[in-house]
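Chemist: Based on these hints, arrange chain B on the given structure of chain A.
In order, the protein sequence lines correspond to chains A and B. Just so you know, the first sequence maps onto residues 4 to 353 in my numbering. Just so you know, the second sequence maps onto residues 4 to 353 in my numbering.
Any given hint could turn out to be false.
Since the list can't tell identical chains apart, any single copy or any two copies may satisfy a pair.
[To be verified] In silico DSS-like pairs for lysine-lysine, Cα to Cα no more than 30 Å straight-line:
id : residue 1 : residue 2
1  : Lys186    : Lys317
2  : Lys211    : Lys291
3  : Lys291    : Lys186
4  : Lys256    : Lys291
5  : Lys234    : Lys306
6  : Lys291    : Lys306
7  : Lys234    : Lys303
8  : Lys186    : Lys63
9  : Lys88     : Lys256
10 : Lys63     : Lys314
11 : Lys118    : Lys65
12 : Lys181    : Lys63
13 : Lys353    : Lys291
14 : Lys230    : Lys313
15 : Lys339    : Lys291
16 : Lys291    : Lys63
17 : Lys101    : Lys118
18 : Lys306    : Lys339
19 : Lys211    : Lys186
Keep in mind that the hints were calculated from the coordinates and are not lab data.
In case you want the letters, here they are:
There are 2 protein chains.
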Amino acid sequence: TFPFRRFQIQPVWRADRPQKGRYREFYQCDADIIGSDSLLNEVDLIKIIDDVFTELFQGKLKYTISINNRKILQGIVESVGETDKFEQIVVAIDKFDKISYEGVSNELINCDIPKLSVEQILDVVFSVDWRREISKEIKEADAHGCLQQLANLPESIGNTINGRTGIEELEFVFEKLKELGIKTANIKFDATLARGLGYYTGTIIEVKVDNFPSICGGGRYDDLTGKFGLKDVSGVGISFGADRIYDVLLDNKLYPEFKGDSTQVLFTNQSAADEEKFLPMLFELRDKGINAELYTEQAKWQKQLIFAEKKRIKFIVSTNENGDLFVKEMDGTEKKPFSSIDELITIIRK
Amino acid sequence: TFPFRRFQIQPVWRADRPQKGRYREFYQCDADIIGSDSLLNEVDLIKIIDDVFTELFQGKLKYTISINNRKILQGIVESVGETDKFEQIVVAIDKFDKISYEGVSNELINCDIPKLSVEQILDVVFSVDWRREISKEIKEADAHGCLQQLANLPESIGNTINGRTGIEELEFVFEKLKELGIKTANIKFDATLARGLGYYTGTIIEVKVDNFPSICGGGRYDDLTGKFGLKDVSGVGISFGADRIYDVLLDNKLYPEFKGDSTQVLFTNQSAADEEKFLPMLFELRDKGINAELYTEQAKWQKQLIFAEKKRIKFIVSTNENGDLFVKEMDGTEKKPFSSIDELITIIRK
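Chain A on its own, in the form it takes in the complex (with noise of 0.2 Å):
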């Protein structure tokens, strides 16, 4: 049934040399849409990173969805006329982040590319460039910032088709998200994403927190699956780095402290008859969905106890001298007796 969403998680194995944060083999969490051209199903997915890491980072870490259009960085290559220098200048700009200005010109210029080309490119780049705008005022990178900067675009650009087309789409995507509101994350246009020389071939997105490699990233492409012999099929899709986030959260404490709700009942044992009692109540509570566990040794009352509190469990089930049953909450001091399994799980369940 087309169009076809995909939701899976799965390990995935990467063939490049790897580096820090760039693990052999990782997990990531995808999700595609196969059959539609549609620009809703960029909107949808951007709106979907936003509900993920708002609920992750808790408001509590900065992150930035970075956009952009392969069909933009064709105009930028077109309005230049370097077209067959396309993936040389593609693979310069996508360094601008770590060369920064001087760099990414020095690079074009040894690819032959006359000097006034250079700084035409470097013009555009420029001109749409955050960096600056978003440590002066975080607020700015948003959706409707994003809408001002393309309209700042130079002309040459929106004169060739493939610069033109690219604008557009991305028009109608900043305005569907400005639209909408987005809960917690700063959205950027980006002219200087390419996202490596993949298979991408329309919008292009790009999810990073300070200090870590990006933790999301995607986009459309266009027949892809005519690799695999199914032809003109267009698809987009975003992958979640899942060690990377889990990394992002590790660093930045954002893990909730454990809660100790592995095991919920312990019944204790002092004695052979405490094991013949409790252990068919322990699978009688466990197909009830209570998590319950007896303590496997025969031990000292107080050891139990120790036990009990490490694990944070909240309830322990014991024998008095008398061998009469009860139930006494980790937390409180009161020793509610019971005499069926029934009265147990009212008194836990309360």
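Modeler: Quick look at chain B alone, frame taken from chain A:
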């Protein structure tokens, strides 16, 4: 906090040559208890196996939990005075399933074990062989029957220290299982079960269904952690082979029919006005935990209906000629008007 109970699902790698059902990379679901010598853990794990397969197989597939104790194997070997050939003997016995009496006998004779000893060994193995009885009366394959088989083991084994300990340990386990009851598993004492010559030291467990390699296995391993610097800590654990269980379920048609509960609500799309109206509602519904999607192309009504039907979406939301909103259950005919998102949610959740 010891004893430490560990439950984990993860991909693992096999160093052996891959074969049918023996994948290079596969998923394992582990349950281990570290730091407790109590045989109650064995009981616990066997009950967990019974719970898991009772649920997965829905009572529609026979399966057997075979149980042995490595100390009984030691006892068998000691009782014929061939302790130094323990590993070879166990390897041969382990092949009983594949090469039967004749094959094991030949293999043992080739190991330079006297013919009399070979016969003694095979007598023991045969004396507790369940294969014939099981085919006659499956009901016998329970903890009660296992206890009888244990009692009938030749005295010579019980007279060795290892043999005696192994028998007593299994008696405890089978006694408890008899008292607690088993839901759907056949429980079988299998003196030929060796589980390779790995790190197991006590109870060993293996789960099989017909025509498949084992789908779960495990046992007790004393001091395995010693290899990694933590001395004198006992452990016991089981591993479910997720991929094989998947194969078994598929092969036996035990997967439930697709319920199509991925998308609950489809917003139809017949005009830009629809997109404008439905896009914010789409994200509001999702924020309330209701899975929804918007048909991304402005398409004919009939095409969208077919899409909703194929995806088994329960509700469609549309506008009529006057632009009024309504929701329709795909199963029914009634078009219910609504004017706010809260009204829509009330209708859907009813």
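Chemist: Next, verify each hint and record whether it holds.
Modeler: Hints, one by one, checked against the model:
For the identical chains of this complex, Lys186 and Lys317 are inter-copy neighbours only, at 29 Å across copies versus 36 Å inside a copy, given an alpha-carbon limit of 30 Å. With identical chains, the CA atoms of Lys211 and Lys291 are at most 30 Å apart between copies only, with a shortest distance of 27 Å across copies and 44 Å within one. For the identical chains of this complex, Lys291 and Lys186 are inter-copy neighbours only, at 15 Å across copies versus 40 Å inside a copy, given an alpha-carbon limit of 30 Å. Within a single copy, Lys256 and Lys291 get their C-alpha atoms only as close as 35 Å, which misses the 30 Å cut-off; across copies the closest is 28 Å, which meets it.
When the C-alpha separation of Lys234 and Lys306 is checked against a cutoff of 30 Å, the pair qualifies only between copies, where the shortest distance is 21 Å, while the shortest distance within a copy is 67 Å. When the C-alpha separation of Lys291 and Lys306 is checked against a cutoff of 30 Å, the pair qualifies only within one copy, where the shortest distance is 28 Å, while the shortest distance between copies is 46 Å. In this homomeric assembly, Lys234 and Lys303 come within 30 Å of each other (Cα to Cα) only across copies, at 24 Å, whereas the closest approach inside a single copy is 71 Å. Within a single copy, Lys186 and Lys63 get their C-alpha atoms as close as 13 Å, which meets the 30 Å cut-off; across copies the closest is 49 Å, which misses it.
Neither within a single protomer nor between protomers do Lys88 and Lys256 lie at most 30 Å apart by alpha-carbon distance, with minima of 45 Å and 56 Å respectively. Within a single copy, Lys63 and Lys314 get their C-alpha atoms as close as 29 Å, which meets the 30 Å cut-off; across copies the closest is 38 Å, which misses it. For the homomeric pair Lys118 and Lys65, neither the shortest alpha-carbon distance inside one copy (38 Å) nor that between copies (77 Å) is at most 30 Å. For the identical chains of this complex, Lys181 and Lys63 are intra-copy neighbours only, at 23 Å inside a copy versus 55 Å across copies, given an alpha-carbon limit of 30 Å.
With identical chains, the CA atoms of Lys353 and Lys291 are at most 30 Å apart both within one copy (15 Å) and between copies (27 Å). For the homomeric pair Lys230 and Lys313, the shortest alpha-carbon distance between copies (27 Å) is at most 30 Å, but the shortest distance inside one copy (55 Å) is not. In this homomeric assembly, Lys339 and Lys291 come within 30 Å of each other (Cα to Cα) only inside a single copy, at 20 Å, whereas the closest approach across copies is 40 Å. Taking the shortest alpha-carbon separations for Lys291 and Lys63, only the inter-copy value of 22 Å comes in at or below 30 Å, while the best intra-copy value is 38 Å.
Taking CA atoms no more than 30 Å apart as the test, Lys101 paired with Lys118 passes inside one copy only; the shortest distance there is 21 Å, against 77 Å between copies. For a Cα distance limit of 30 Å, the shortest separation of Lys306 from Lys339 inside one copy, 21 Å, qualifies, whereas the shortest one across copies, 63 Å, does not. In this assembly of identical chains, the alpha carbons of Lys211 and Lys186 lie at most 30 Å apart only when taken from the same copy (16 Å versus 51 Å across copies).
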